[in-house]
Every structure is written in structure tokens, then in C-alpha cells.
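S.K.: Protein chains in written order, with my numbering: chain A, 34 to 471; chain B, 378 to 743; chain C, 2 to 254.
Check the hints yourself; a few may be wrong.
[Stated by the list, open to error] Capping the alpha-carbon separation at 27 Å, the derived lysine-lysine pairs in BS3-like fashion look like this:
id : chain 1 : residue 1 : chain 2 : residue 2
1  : B       : K393      : B       : K482
2  : A       : K430      : B       : K688
3  : B       : K387      : B       : K482
4  : B       : K742      : C       : K70
5  : A       : K79       : A       : K323
6  : A       : K430      : B       : K482
7  : B       : K634      : B       : K577
8  : A       : K170      : A       : K45
9  : B       : K393      : B       : K404
[What the hints assert, rightly or not] To be clear about the criterion: a stretch of chain A counts as covered by chain B if any three or more of its residues have a C-beta under 8 Å from a C-beta of chain B, and this derived list gives those stretches:
id : region
10 : 229-238
11 : 390-402
Derived from the structure by calculation, the hints contain no laboratory data.
Note that CB positions come from ideal geometry on N, CA and C, so glycine has one too.
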Amino acid sequence: MITRRLQYELVKRLAAPLLVQLQGASKRLKGRQGPRPGSPFGPPLKSVALLKDLMTRHYLEGRYADGAVPVAWVTSGFPVEILRALGFFSIYPENHAALCGVQRLTPELSDAAERVGHSRSLCSYARTDMGAVLLEKTPVGRLPRPDLLACCTNICQTVLYWYRCLADHFKVPLVLIDTPFVYGESQEHHQQYVRDQLEELLSVAERIGGRRHSSEELVRVARLSHEGTLLWGECLAESTNRPAPWTGFDGFFHIAPIVTLRGSEECNAYYRHLLDELRHRVRHGVGGIKEERYRLMWDNLPIWYNVRDMSTLLAENRFNIVVTTYTNAWAEAGKRMDPTDPVGSAARSYTHIILNEDLDRRLELMTRLAREYHVDGALLHSDRSCKPYSIGQVDLKDRLAREAQVRALLLEADHNDPRAYSTEQGNTRLQAFMESFA
Amino acid sequence: MRAEYMREQKRSHGRKVLAVLPIQYPKELLTAMNVLSMELWGPPGAPRGPGASRLQAYVCSVARNAVAFVQAGGAAEVDAFLYPHACDSIQGLATLIPDLGGEDKPALHYLNPKGGYRPSSRRFVAGELRRLAADLAELTGEPLSADRLSWALDLHREIDRLRARLLDGRARLDMTDSDLYAVLRRGEWLWPEDHLAELKLAASRLAPMGEVVQRGVGLLLSGIVPEPMSIFDELSSMGAYVAADDYAAVGRRVVRKQLLASEDPMDTLAWLMFAYPPCPTRSTSLGQRMDYLDRLATRSSAEGVIIHTVKFCEPELFDVAGIKERFGARGLPVLFLESELEAELSGQTITRLEAFVELLTQRRKS
Amino acid sequence: MSGVAIGVDAGSTTWKAVILDDQGQVLASRVAPAEPLVDQQTRVELARLRERTSTSSDVPVGATGYGRKRVGAQRAITEITCHARGAFHITGAGGVLVDVGGQDSKIIHMGPDGSVLDFAMNDKCAAGTGRFLEVLLGRLQVAWEDVPALVASARSAVSVSSTCTVFAESEVISLVAEGEPVEGILKGVHQSLASRVAGLAGLLPPGGAVYMSGGVALGRAMVDALAAALGRPVTVLAEPQLVGALGAALSVR
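So here's chain A without its partners, still in its complex pose:
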């Protein structure tokens, strides 16, 4: 335990930064030329290099975390502040799955999960990660074994089914924050339920983490988390400018720190840096794409394995995604956070997540975003792997047109599994949609 701890600290403080610097330097030597001639995109964001460093360091630390510090595997919408305040290192299987998705590793990993009897109808994030666990194969080298699984149902119930399988596999405790679905307004006994569970979580996490929590530490982390979500929100809001200084697809990648490092100083430092760059671009009229003629909103998760192709197709036709309901979710949460009341405000903010609210609330949000970001249309990714996000989209599409005058396209795909997506059909439909604006 002590040597493991030493090893971890060594990696965290010395080796990881050094390694990352070396890697970064060699990549920067190669990649400083700016956009390729003929590219429809604006100059690449310089922060990307920093983002890569940050995430590489995170996963590198992860390799040495188990046995050194308590490790939790956590869902993206989990009130992680409590765990962070108790010194947990956290891994986000969703973020990890997305990483695999971008590298098109899902078919192979999913096959492994399917071989033990998991259906291909299951969420492709879950299949990807369960496959990675079974094969012990990951693009990040190694994932630390969890001491605790922490699951919050505010994004879907699927994570709970998935984490039950993980709990069975790793034989470790699963803590659940069950956030009652919000129809209209969240009720007092719903809030009470979430607060009660957060208290229960505290005692479980204290036991596993082997230390008592300190209120000051909790407030400190909650403050950082609040600040981080506000900063992230400011970054996104820069795209209300015309042209938007980056694309919504960029946002899909830059979301990683607010998901996985929320509540840490390094996360916030990163977004301050990104915000500076975005503001600089706005001041100089530099856009995410060279020529921004039409502005679109994106709904649902990205199609991770196809982001590059699709963003190119859009950019070539002078369309930019300027806002996505997905990346906005982490900014939205900040509005209800109150660091002086970390538990009570977590109960509120983590319950009122877009995916945990009814369709009327979603439509309200999308209508507001459409107005604030001056969008001309919307792409609704009908995601085979994400039922809660996709159910009701047919209705949303009609209502967006009727009530908000936003024309939308329903695009059938899957966020992680390329086998369930037809690039040809997708491109044809997208092309036809774009032509309708001319």
C-alpha cells in the first residue's frame, strides 16, 4: 500500500507531467502548421494540445491509482464533489467509452461483451466498457480497479443496469443516487430523497475511503465545481457570437475536463485558458469554420466515430453546429449550484438535468438555446443506444418547427457503434437537409 502510494505520487507529480511534456513537444513539432490548405475549418484551437496533456495525465495517474488511493468509477452526472473531497480518484466509464468510440474500437470490444451473452441492443457505451473490462484492453493503457461504483440515474436508468453488472464483476459496492424524474417541477419529497441519499453516500464513501469528511473540504470542492461549470458555460456562450469561434463538435472533445475533472483546480485552469483563446478569436472574428453561413443546434450524444467526417461535410457546406444540448447540460447544472450548501444544492442541481426532465422542459430549453445562439435549424441525433435522450424526438422535431420555427432533421445513428450506422444514408439525408436551406 505504501509503496503503491509512493509510486502513484511519483507518477502524479513527476513522471506524468514530464512524459506529457515530452509527448506534447514531439507532437507540437509536427502539428504547428495550422489548417491544411483547402480545409473548411478555421485555424485549430491551440488549447487542444493542453487538453490532450490534461487527459493523458489523468489516465496516466489512473494506471497507478488503485492500491494507492481509493478509486471510484463514476457516471458522468454523479455528484462527484463528495467523492473528490474524500480523496477518491475517479474514472468515468462513459468518457472512456467515448475515447474508444472515437478510435473505432467499439466493434471489437462489443464483440467481447456479446460473446458472454450481452445483447447488441444494449447501450454501446456499456458494451464498449464491459468489453474493455473483459478483454483488459484499453487505449489508455490500464484502468484502475474500482473500490466503489458510483451511479446516478439523472442521465438514464441504463447506467444503473450497467453498473449492476460491473458490481457483480468486480465484487465491489455500488452506491446509487436515484434522482426522481422531474415532471414539471421537482417536489419537496423528491429533493429530500436525493439529500438523504447523499448523506448515505457520505457514510459509505467515508468507510471505503478510510477517512471522515471535512465540511471545509466539501465546500472547497463544491466551489471549484461551481466555478468550473460556470467557466464551461462561458466557453459555450462565446458561440452566441457570429461567427462562432469554435464548433459544437469541438465542444464534444473539450467537455472531457468538466466531466472527468469537475471540482479540481486543473479543470478550471484549463477552461480559463480555453475561454481566453475563444474570446481572442471572437475579438478577431476567427470562426470555428471558415465561412459560417448557417447555424445549427445538435441534440443528443455525438456520433463519436463519425465526428470528423460529419463536421467536415457540414463545414464544407458552410454550416456550423453552434450549440449542443449535450455539452450545454454541464453548463446548465452550474446555475443551481450553491457551494455554501454543497449537499442541498447538489440535490437540486443534479436532479434538474435535461435528461431527467420531461419533454416540455426539454422543448423550453431547446427553444431558449435556439434563440440565444441564433440557430437556423437543428440536427436531432436519434441515437439507437440512448433511449431516454431519443424517445420523444419525433414529437420534439414537430414541436420545434411549430412552436419555435426551427427546422430539424432526425438523424438515425448510434453514438458508439459504427455497425449500426450507414454513413451513406446519413450523408445523403444531411445533404438534403442542407440543400433545403439554400
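Got chain A sorted already, so can you dock chains B and C onto it with the hints?
M.R.: Only chains B and C this time, still in chain A's reference frame:
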């Protein structure tokens, strides 16, 4: 038939009628407040009408069929809807159905806490029950009375006792699966007292302890809802029968635990909500679910297991690998069958069932 | 010598039959495209087979395949049981049998005595069946008999990621349009199908042979792709299309 029954219930007994989506909800509360529940499990068959394409094809057919059915006017005569929180899809329907159908009927909710018993969820259930009672009182114009609730709890306890006797004593019951399930599933829409009368009649056909009436290959069936019901006749023609039931619509809603009656019937009801057999939609641990299924299989001497689930039903599907592994280790064959609430079983499905029964028969011989 | 048992496999794409002698050897067999009126086809075809082998009309008939209940046989048994029986008759050993047919695919785990331990079938869509190959060969305008040579000549496989037949069709069209070599695409198509079938197979027991039957087993390219996907050598049973009919005949012998 259901529609006529519902009208009669309204007319003769002044009852309000709720269309209820799957799966678990405090039916005792409805009964106590003179509210009849009409459960919407499908109906089977391809979704028809203008509502058929309002949900994507990868959403389960329980949800899709319900939307199509309601939009085609199938629930025009009910007084309100109740949406228990079963899964992501049903939760979505709660805002979708009113929106699509232009229905002005009240939408009531009951949120099942997930993850099994915890002090926090016990407190939450009490809150949910109070709120639902208040919503029902608004619908009926009558507040809940403790006496009526005690009466309803007793009535449903008697129903559960009989349902458990029929299911657990299946090998002694001189009835076909088709007939038994017809009786059990009529409970989805009959007034509980009428249901009880039919159950009593069925229970009179139980042979004395120790006598075995069913000699076919005994199966454990697990899934959401036994549709199409013709699966029972097919199994029977192949020489098999349902020895143990773990359908969410049937066996998983039978409470077998003895509960201590509390002074306050609301308190008893709250405890009852934690006494149901494990169901992945409420997410007790995988281990607890497997232990329960294991006990079902052992008690019924089932020779094989059929996982007969609805396609795209995530809560069910995530457990399949674990169930297969568990029973595989015990040497109990498992058949995995996905249904889309078809009106009839496909030829391929029949082939699979038949091959499975052939396999089990062969094992019996050797 | 005349036959003592007849087996009919009334499948959805082809109609197959065998006649066995008293040693369990195949006296005569027949493979024909399936006709809609399977009872009529069976009557006509069996009469010819009987005549050819001087087999009397009271020799019992066992039937399998989708039309098994409509051909007036003494016994109707599912393809799964029949394939296992037929395979065991040929090999005398247990193992895993992969049958890729026109409309469906099956994986059958057999015990050392040839009994069925477990089985899996594709769901109702055409992914993972012979139909997938048929559609894509049509798209590539490649004749069935040219496949092995073409695949063998491919320098590398062009990845075809879609396993859904409809999606794969449009994917293949665009690959051709992008100038990818037909041989490479063809190899990719085979790999895609093999991966789907391998997925159906689940975890294979350690050791133990893997056999293949069904019309698709006649194509060497598919057998190789499947062996690669499973990471095991795959043995094609003699007369792979007749294994089901053989099992059906054995059931009435």
C-alpha cells in the same frame, strides 16, 4: 370485452378508471379509492395507426404499442393515466402520450425508488404514496380512508396468496397454461374482487399435496410479458409446461413475503412496495435476482429456462448474460427468446422452442 | 440395395433429401431450389428418388426445416436436433457445429455423444445469414463460383463495418464508387459476416472441434473467414447441405 366491462364498472359502481402503464404500482391504493386499473401491456400485434411511427423502431414494443393504441383512441374512455416509473421509455411516455393524443386527461405518476431498500427510499415511498393518494382524491372527489385501505390491503393479500398457490403449485394444477394465464392476466383489468372470485375457482382445481398432474417438461419462464399468449399452446403441444413464472407482468408482482401489519395501513403499504420479488426495473442487485431465480427453478424442478423478453428492453437485457452464466454453471439449459409483442409466434421462434424442448426431452431420457 | 429411411430438409431456400441404406450410408440425395408448395414438391421429388433406389413407399420419412410439418412425414424434428444428429453420424464426435443457411444461422454445441447441449440462432433479420452474402455478391456483380479466387487474390480486406444487410449494401456501393478493389471489398464482406456468426457463437468451450454445414460452407472463402473470426480451425462436413436431411433420416431409421 374490456371496454364493456369498464363501462359497466363506471355505471354500476361509480368507479373511476385509470389506464395504467407497466409495471409496478400500489394497486391497493387504487382499490381503496374505488379506482379500477386497466393496464396497458401492448396490446400485441404490430403498432397501427397514426401513432405507430411516433417512437423510433429501436424503442421497445410495449412503449410503441401503447402510444399507437392510445393515439388510436384506445383509452378514450378512461378518466386518467397512471405512469409508474418502470424505465426510461415509460417515463418518456408520460409526457409524450398526452402531447401526441391531445389528451386532456390527468397524468398521474408513481416513481419506484431504484436499488432496493434503503432508509432514504423507504421515506421516499411514503412520500410518493401520500402524493398519489392526494392525486387520486382529486380525481375521485373522495379522500382516502384508513379503513378502506386496510380492506384493500387484505383483499390484495388474499389475491396474492391465491396467485402464489396457483403458480407455486403449478405441477398439481389441472389446467392448461393457456387457461391459467388467461385467469392470471385478467387481473390486469378486472376489479380485484371479481379477479379474486376467478382465482378461487382456479384454485379449486389444485390436486392435493404430493399428487402431480403435470408430467411434461417443466420450464422456468422469465421476461416482461407473456405475449403472444399462443406461446403456451405451442409449448403444450411440444410436451412442455410453465413450471415457474418470472414474468414482470405476472410472477414478479406476486408478494409472497409475510408482512407485519402496522397500525397505519399507509405504513404497511409502504413496506409492501419493498416486498416484491426482484425486478431489474427496480434494480436490486444482480446477486439477489439470481438467488431468487435459482430458488424458483429449484422449487419447481424446472428442467430448462426460457428468457422470453421484449426486444430492446434494456433492464431485462442487461441481466441476460448473468442469468445464462448462473444457470449454465448449474447445468440448466437456457433459451433466449426476444419478442416484439407479435400477434403470433414466428415460424423461427416455434423452431427454437421446439428444438429446446427436444434438447430437454433428450436429456430426460439419458 | 434399397433404402430403409428417408430424410427431407424442407428449408426456405433449398429443398434437400437423402435416402439411407441399412448401413446408414447415403444411397441417393437431392438438392433443389425450394418451391412454394413444399408438400407437392416433396411428393414429386421423393417419388423420383424412390424409383431411382427401388425404395418402397412404406419406408419411413423424417422431416426437418421450415416446411417439416407440411410434407406428410412420419416424424418432424427441428433443424437443430437433425443437424446435430447428422453431424455426429459423420464425425462420431462432439464439438460445435456452425450451420449458415440461406435465411438463418445456427450454432449448435454438441456433447461427446452428439446430444444438443445448447444452441443459438440469428434473430429474424438477414444479418449473419447466407442472404447477406447473396445480396452483397449481387451488388458487387460477382458470381458465386468466382468468389474463392477473388478473395484469395485480395491484397488486404477493405473493412465493411455494417452488419445490417441494408446498411452494408449502401456501404459496399460507396466503397466501389471510391475505387476500392472488388476483391478487397469481397474479403471484407466475408469478414463482416464471419464476425456476426462468431458473435452468435458466444464463448466456445476450450478445445473441441468446430464443424460447418449449410450451403454457405461450400464457399472456401467463408470457411476461412469464419476460422479467423473464431480463432479455431473449421472443418467442413462432407456434403454440408445434406447434414439436416441426414439427421432427419436417422431419426426414423
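S.K.: Which numbered conditions among the earlier hints are violated in the structure presented, ordered from lowest to highest?
M.R.: none
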